[in-house]
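Here are the chains, one letter per residue:
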Amino acid sequence: MDIAEIKRLEAEGPGRPASKKRQQQVLKAFVYIFLMVGSFVMIVPFVWMIVTSFKPLEEINTYPPSFFIRKPTIAAYIELFSIIPMGRYFLNSLIVTCSITLANIFFCSLAGYAFAKHRFFGRDKLFLLLVGSMMIPWQVNLIPSFVIVKKFGWLNSFYGLIIPAMSGAFGIFLMRQFIMNIPDDLIDAAKIDGCSEFTIYRRVILPLIQPALASLAIFTFMGQWNNFVWPLVIVYSSKMRTIPIALSVLNGQFGTNFAMVMAGAVVATLPVLIVFIAFQKYFIKGIALTGLKA
Amino acid sequence: MNSVLKELNKQKSAYIFIAPSFIIFTVFLIIPVFASLYWSLTEYNILQPPKFVGFQNYINILFHDPRFWKAMANTVIFVAGTVPTSIAISLLLAIAIDQNIRFKNWFKTFFFIPSITSIIAISVIWKWLYASGKYGLFNHLLTSIGLPSVNWLGVTWTLPSIILMSVWGGLGYNMILFLAGLQGIPHVFYEAAEVDGASEWDKFRNVTLPLLRPTMLFVTIMSVISAFQVFEQVYIMTYNSEGAVGGTLDCALTIVAYLYETGFQRFSMGYASALAYLIFFILFIVTIVNMKIVEKKVEY
Numbered sequence: 009m010d011i012a013e014i015k016r017l018e019a020e021g022p023g024r025p026a027s028k029k030r031q032q033q034v035l036k037a038f039v040y041i042f043l044m045v046g047s048f049v050m051i052v053p054f055v056w057m058i059v060t061s062f063k064p065l066e067e068i069n070t071y072p073p074s075f076f077i078r079k080p081t082i083a084a085y086i087e088l089f090s091i092i093p094m095g096r097y098f099l100n101s102l103i104v105t106c107s108i109t110l111a112n113i114f115f116c117s118l119a120g121y122a123f124a125k126h127r128f129f130g131r132d133k134l135f136l137l138l139v140g141s142m143m144i145p146w147q148v149n150l151i152p153s154f155v156i157v158k159k160f161g162w163l164n165s166f167y168g169l170i171i172p173a174m175s176g177a178f179g180i181f182l183m184r185q186f187i188m189n190i191p192d193d194l195i196d197a198a199k200i201d202g203c204s205e206f207t208i209y210r211r212v213i214l215p216l217i218q219p220a221l222a223s224l225a226i227f228t229f230m231g232q233w234n235n236f237v238w239p240l241v242i243v244y245s246s247k248m249r250t251i252p253i254a255l256s257v258l259n260g261q262f263g264t265n266f267a268m269v270m271a272g273a274v275v276a277t278l279p280v281l282i283v284f285i286a287f288q289k290y291f292i293k294g295i296a297l298t299g300l301k302a
Numbered sequence: 007m008n009s010v011l012k013e014l015n016k017q018k019s020a021y022i023f024i025a026p027s028f029i030i031f032t033v034f035l036i037i038p039v040f041a042s043l044y045w046s047l048t049e050y051n052i053l054q055p056p057k058f059v060g061f062q063n064y065i066n067i068l069f070h071d072p073r074f075w076k077a078m079a080n081t082v083i084f085v086a087g088t089v090p091t092s093i094a095i096s097l098l099l100a101i102a103i104d105q106n107i108r109f110k111n112w113f114k115t116f117f118f119i120p121s122i123t124s125i126i127a128i129s130v131i132w133k134w135l136y137a138s139g140k141y142g143l144f145n146h147l148l149t150s151i152g153l154p155s156v157n158w159l160g161v162t163w164t165l166p167s168i169i170l171m172s173v174w175g176g177l178g179y180n181m182i183l184f185l186a187g188l189q190g191i192p193h194v195f196y197e198a199a200e201v202d203g204a205s206e207w208d209k210f211r212n213v214t215l216p217l218l219r220p221t222m223l224f225v226t227i228m229s230v231i232s233a234f235q236v237f238e239q240v241y242i243m244t245y246n247s248e249g250a251v252g253g254t255l256d257c258a259l260t261i262v263a264y265l266y267e268t269g270f271q272r273f274s275m276g277y278a279s280a281l282a283y284l285i286f287f288i289l290f291i292v293t294i295v296n297m298k299i300v301e302k303k304v305e306y
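First to last, the sequence lines map onto chains A and B.
So the number in the working numbering is just where the residue sits in the first sequence, counting from 1, plus 8.
So the number in the working numbering is just where the residue sits in the second sequence, counting from 1, plus 6.
Quick caveat, the hints were computed from the structure, so don't treat them as lab data.
For clarity, every value in this text was computed on a predicted model and none was experimentally measured.
All C-beta atoms, glycine included, are put in the ideal place defined by N, C-alpha and C.
Don't take each hint at face value.
What the hints assert, rightly or not - Distance condition first, Cα-Cα at most 25 Å in a straight line; then the derived PhoX-like pairs of lysine-lysine:
hint : chain 1 : residue 1 : chain 2 : residue 2
1    : B       : Lys110    : A       : Lys29
2    : A       : Lys158    : B       : Lys57
3    : A       : Lys199    : A       : Lys125
4    : A       : Lys125    : B       : Lys18
Claimed, not checked - Beyond 12 Å from chain A on every Cβ pair, some chain B residues (computed):
hint : residue
5    : Ala20
6    : Asp71
7    : Lys76
8    : Ile83
9    : Leu99
10   : Gly152
11   : Val161
12   : Lys298
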């Protein structure tokens, strides 16, 4: 190394050489461009959905297609709620989704508590069975579940839509993992104070697993709100349809009235979008934690 | 004596706690699993009691049913078309978002929105994007840059169209999983690589990829399993006035779509149960093979 080179290195000072710094800046610019183009691609279909839903029919059929609406109208939404009973479908979806979510929070945490903190005969084998059952694809139990629900006379009813989904292996598993982290001392202390098992569950366990309950609630809500196959199979009358079924029927019957179909898609998307934005933190954390989709 | 009673009482409450879940679990999962195993060996149309036929359904499916093989081929094309593409793009996205950049959460939200949207809503939106003639947005884009327009939902293009839409819809979910994996890689590895003078590409190849292998395994298995069961997209995209699923000439008939048609439109419950068990078997093998491949490679 000659004197000149040493001087040059000194001039550059400690830290990265200039070329490397520039390389990183270029890289970062690429990262931003990549992410912005990507976000654009993600958002455009939704923007197109919203724009179309507010367009009068004659603007949908003008060429070239445009993101600009000359005469915005809510005619499609009025049609949606008057030609078909969309309000009723919305209510159906709300009833089904909320009941299933509440039931899951209660039953899964209860079972999760038993698996995490109780010793009982057959516990580990039952738990293994539960975890193993998560590998079974839903197609396997779809047909018999349909036949069983039919035998109970629950086809085309809230019972059939709600009861089979009131608890689940995934939820129990999630709850158990969380409750295991609660120190036994807390439970023992409550026992010494003379609390019943249910009181311990309600007063000690539930308050401590609130973040997990929130994750489970959001997963269940979203999964059920979007659930399609089960209602498709067991609902046969128009008045029991849920939103996804209504949307698929809309697509079949009014497939050419794109404004109305897009308005239906907006109505189907909005509730989950609101829930998602409100509870985003729990949701993304929950996925990273469990790797399971709703 | 007292302590035994107390112990029993404690057990009793545990059983009461798991009872509601286990009743549902037994009635809608355990019993169905065995019921469909038995029905897969029968001829069953719900109205008459099942008639035992041995392995006839399986033999018919595997050796005398060209539509099964058509559905199988379409499903494999769908899996091969979606899984690697989605993994490559979502990994790139995750790495991009993991950099020291601004608006991280905005980007995450944008990419994740399709994952929370009902696949039915997504499918109807894309059906409108794919609309034939000049009103469809995609065809407008193609023709405005001088390319010929495409009959997106015709016989040739239906399956690729569904693949494209599904890749788009699944990116955000895989991205979140990869992000979690990336954040689990200790920073010292990158610092060590930098001291050794590694370039960004070296770091990606020799630090990120090997250490991301468990995440990669998980994402691959989950993606293959869910892609193999594709149904809703096919149902909406190929829906016609006769209520048939799968499109003209079965161009986009997938295994689960075929199962739906067999079980709930033709009410051949025995045949459909055999299809369900074949799906179960294939997914089981896929999972085992996947795990073996990755297990072999994890050596440091």
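Status of the hints after comparison with the structure:
Restraint check for Lys110(B) and Lys29(A): satisfied, since their Cα atoms lie roughly 22 Å apart, inside the 25 Å limit. Restraint check for Lys158(A) and Lys57(B): satisfied, since their Cα atoms lie roughly 20 Å apart, inside the 25 Å limit. For a cut-off of 25 Å, the pair hint linking Lys199(A) to Lys125(A) stands: about 13 Å separates their Cα positions. Distance hint between Lys125(A) and Lys18(B) is fulfilled; the C-alpha atoms sit about 14 Å from each other, no more than 25 Å.
Residue-level check failed: Ala20(B) sits 4 Å from the nearest beta carbon of chain A, not beyond 12 Å. Consistency note on Asp71(B): stated as away from chain A, and its beta-carbon is indeed over 12 Å from all of that chain's, at 17 Å minimum. With a least CB separation of 18 Å from chain A, Lys76(B) remains clear of the 12 Å interface cut-off, as annotated. No Cβ of chain A approaches the Cβ of Ile83(B) within 12 Å, the least distance being about 19 Å, so the stated non-interface status holds.
The Cβ of Leu99(B) sits about 6 Å from the closest Cβ of chain A, inside the 12 Å cut-off, so the non-interface label is violated. Under the 12 Å C-beta cut-off, the non-interface status given to Gly152(B) relative to chain A holds; the minimum distance is some 14 Å. Look at Val161(B): its CB is around 19 Å from the nearest CB on chain A, clear of 12 Å, so calling it non-interface holds up. The Cβ of Lys298(B) sits about 16 Å from the closest Cβ of chain A, beyond the 12 Å cut-off, so the non-interface label holds.
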